[in-house]
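Student: Quick note, the sequences are listed as chains A and B, same order. Residue 196 in this note's numbering sits at position 196 of the first sequence; the count goes up by one each step and never skips. Take any residue in the second sequence, count from 1 to its spot, add 1000: that is its number in this note's numbering.
Think of the hints as simulated: they come from the structure by calculation, not from any bench. In this text, a Cβ means the ideal position worked out from N, Cα and C, and glycines have one as well. Among these hints, one or two may not hold up.
[Said to hold, decoys possible] So the derived list for chain B, only partly shown, Cβ under 10 Å to chain A, looks like this: (1) Arg1205; (2) Pro1251; (3) Tyr1271.
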Amino acid sequence: MSDFHNRSQLVSTRRSDYVWQYEYYDDEEPVSFDGLKAHRYSIVIGFWVGLAVFVIFMFFVLTLLTKTGAPHQENPDLAEKRHRPEGRLVDINGHQEENEKAFSRPLLDGSPSYFNFYISEEDQAHKKRKLEDKRSSTKDKVGRHLCSSEIEEMHEDIEESGGHQPLNGLIEESKTDRECAFLSHFNIPNFVNLDHSSTLGEDDLLYEPSMILERQSQAHNAHCDTY
Amino acid sequence: HLLTSYSTLKSKRTINTTAMNQTDCPEVKVPFLVFFTVGIISLAENLLVVVAVIRSRNLHSPMYCFMCSLAAFNTIASVTKTWENLMIVLADAGHLEKRGPSETDLDDVMDSLLCMSFVGSKSSFLAIAVDRYITIFHALRYHNIMTMKRTGVILGLIWTLCAVLAVLMVKFFDFKFIVICFTVFFIISLATICFLYIYMFMMARIHARNIAALLGGGRDRSQHQRRWGSNMRGALTLTILFGAFVVCWAPFFVHLIIIVVCPMNPYCECYRSLFELHVVLMMSHALIDPAIYAFRMAELRHTFRKMLFCSGWKLCL
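Isolated chain B (complex conformation) (with noise of 0.2 Å):
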């Protein structure tokens, strides 16, 4: 219920309100309708994407798992916070009690989701990069070292670690322990993230160039602009994958900071004041997600063509 409780984490208003002062910090209000948009598009495509990866039978390998592991988790926090909306607005239009026995327990329960989901998604990023790692280092053992045995595993591993840590956060520790907690997993999470990527970048680049000096054939020029087009594209590829990651998600942990360290503060109470538009960012990498990470798999659109413009399920099998 800390999480959710939008007075406190918003900005905290100067107390005669009748007179706004020019250095007033108004509170940024985003309208109801884009969260709801947000969350219902983000939660149909992670849910195509969970869709197809289950019922496909030749993307049950472990690099299709993480992304569904990944897309259900999103899929849980869209749902989550469209639903933790609507209850605000149902509430503000006076349907529901806001301290009732229920809703706090709604509350609760929505809380622990929203934390589990934060936390799978990160250790399902950190998957997906490991997997990729694997793939790339260990190329030819890699179906001996990724079983999709041991991908059940880590994935249950996952799950019941961010199922047991989202009940513990919420019932048990304060809101400080919390934001300590998050902000140091989301640094660790990003930095392990952004090495293992880079090492990755920079021995292919490594690699491209010898294999291309190797096979020669009289291409250079071309060769050499092509290779360097594609590493380009390649630069902009990851350039977009962190930077979709670091924009969507640090306003949100600079707010919780912010929360702890300077709750005083007028410059502070700004940066807080902006709170719904930081929200709105958390979400749309959720829907963001998808387009990175699973949407651009050749294999993956394959199956989406075949489940959504067939016509009926047997013939397309």
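If we strip away everything but chain A, and leave its shape as in the complex, we get (with noise of 0.2 Å):
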């Protein structure tokens, strides 16, 4: 496989001296230059704005994709519950039938719609934090913060898969609260173990949403102890 060939008359203007060749790449009919049409590095050109306009058209398509309205419409009653953010509490508690009827799916369903999870956890969650406001906040704070840890790993994770600043609001707006009464509830034992591992305040950018949720369970934690 590997012939010898000496090309003495190239060898003085290159780097290397390892020659070794093939069947098809024929040593004595060297690329004749001349007569050449276009520019001799038009190739070179034309790949380069190729993956120029490439990468730039996927740019704009995933901008787009940004843009452009999602499949669900709004609920008129979740847009009316957009305005009474005091009552929220008791307003998902109310509509959640509907949403569990709407969204809702076994929950270990594993199924890729992400989206109806969510929702009726989301409401399971609501539901926990309203009928058990006795429960000890020191506990719903460790559970959270256990909980926070698996879901800061998993956040990471999600994070760094691309487009999925969204998603972190998405997390951190609801899983924070819902998850964690979710897991502790049912109590899986994979989640404890990643306490040490938690990396509370080392990031903003996974933070920045959550604050808003965490002021917004303390409202609401202060709204219950009122009674």
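Since each chain sits alone in its own frame, please combine them into the complex, following the hints.
Tutor: Next comes the structure, spelled out in structure tokens:
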């Protein structure tokens, strides 16, 4: 497979003397550069222009996906809820059955519809919070800490999978409460082991949306405590 | 040895080098120092990732294992490339005999390692994408689907496959077949990764909007702004991920294709004259990989800080 041709006329201008040949690479007929119609680097230029166009096109497609509408139209009930931040808890509980009917799926379905799971879990979390307002806040916080560490790990995984800044918002806004409630309710042992891997407060990006939910839940706790 | 034969992969010059035509495409030479620097830096980064993941117990999760595997393959690639360049420089300076048996054997070994690291890094990208997919779409069953044992099995499979493929490729198959195989594998892995990430991105965006709509709460304006901003960031991240992959690997593959398809064409010749630039691009992908994948994880950065800035190992556990 390796033949050596002494390309002496080329050796002096080359950095390396390694010469290996294969059958269709004919050494005796050098490439002739006469009579080129287009610019000699036209393939190079064409390739890089094509690559740049592809990358920019991909970016625009992604931003377009960002801007164009979601397939689900918002419920008029949901739209109405938006204007009542204080009574939000009650509203969500009030609409809980509807939402569950509309979106509920078995919890461990593993269905690709992440959204459905979130909606039903969100409602359950809020229901739990309302009904168990006597539950010690310490336990909640510990649970949240453990859950947060696990969620942190997932958040980091997801954050780096590209377009998941929105998913960060998604997760921070819904999972922190919902899944913590879910996890502590179902007592999944795996999630407890990761408490030492917690990186709370490490990364602002992950925490920026979560602060809002923290504040909200504190507001709700305060609200419940006044009863 | 076919892959390291720079002479055949590089451009073919016209026979009268004494009278260089204006239409000639001179070979673009990249100084050895550039190769060496890129190789050393990428080696350092990837080795850091590997060591951090292995040493720190809380990074023993499937995600980090796949990143460790990717970093290990990149380490092998940068070591091999740097070593090869070193050998070429030494050979040019006359310290090494180019056709000696030990050199050709070494050449074979380096080619196998390069093949292995290429296939391995692509497989690791695929594994990371699939892992992220499962993380998102089967979130609660993630720990049942992706146990550490299965991760170990998957990584073992990837490494074994790469090693076997590398040895086979270099020993038994001819160049054309290798080129076709690599190109097909490259395109398949690119398409799969592209599909997985874009699907994740789309679903995440849809879900984010719906969850935000459900949570509602009178913070419409700022929320919409924030979501738009974060979506833009997501799009930018995805673009960087794919853009880097494509920009770094495509030139080299087009080079391989051009060798097979049009070895005598002068236009193709001019493309081939940029071979060293394309190799540098390929090596720089190993350099920017940790920046795009590993260093973006807060947990890993935290571990690095502990590793690098702690005075004693025992104190910093």
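Student: For the hint on arginine 1205 of chain B, does the least C-beta distance to chain A fall short of 10 Å?
Tutor: holds (5 Å)
Student: Once the shortest beta carbon distance from tyrosine 1271 of chain B to chain A is found, is it less than 10 Å?
Tutor: Holds, about 5 Å.
Student: Would the hint on proline 1251 of chain B be counted as holding, given a Cβ-Cβ threshold of 10 Å to chain A?
Tutor: holds (7 Å)
The structure meets every hint from the earlier list without exception.
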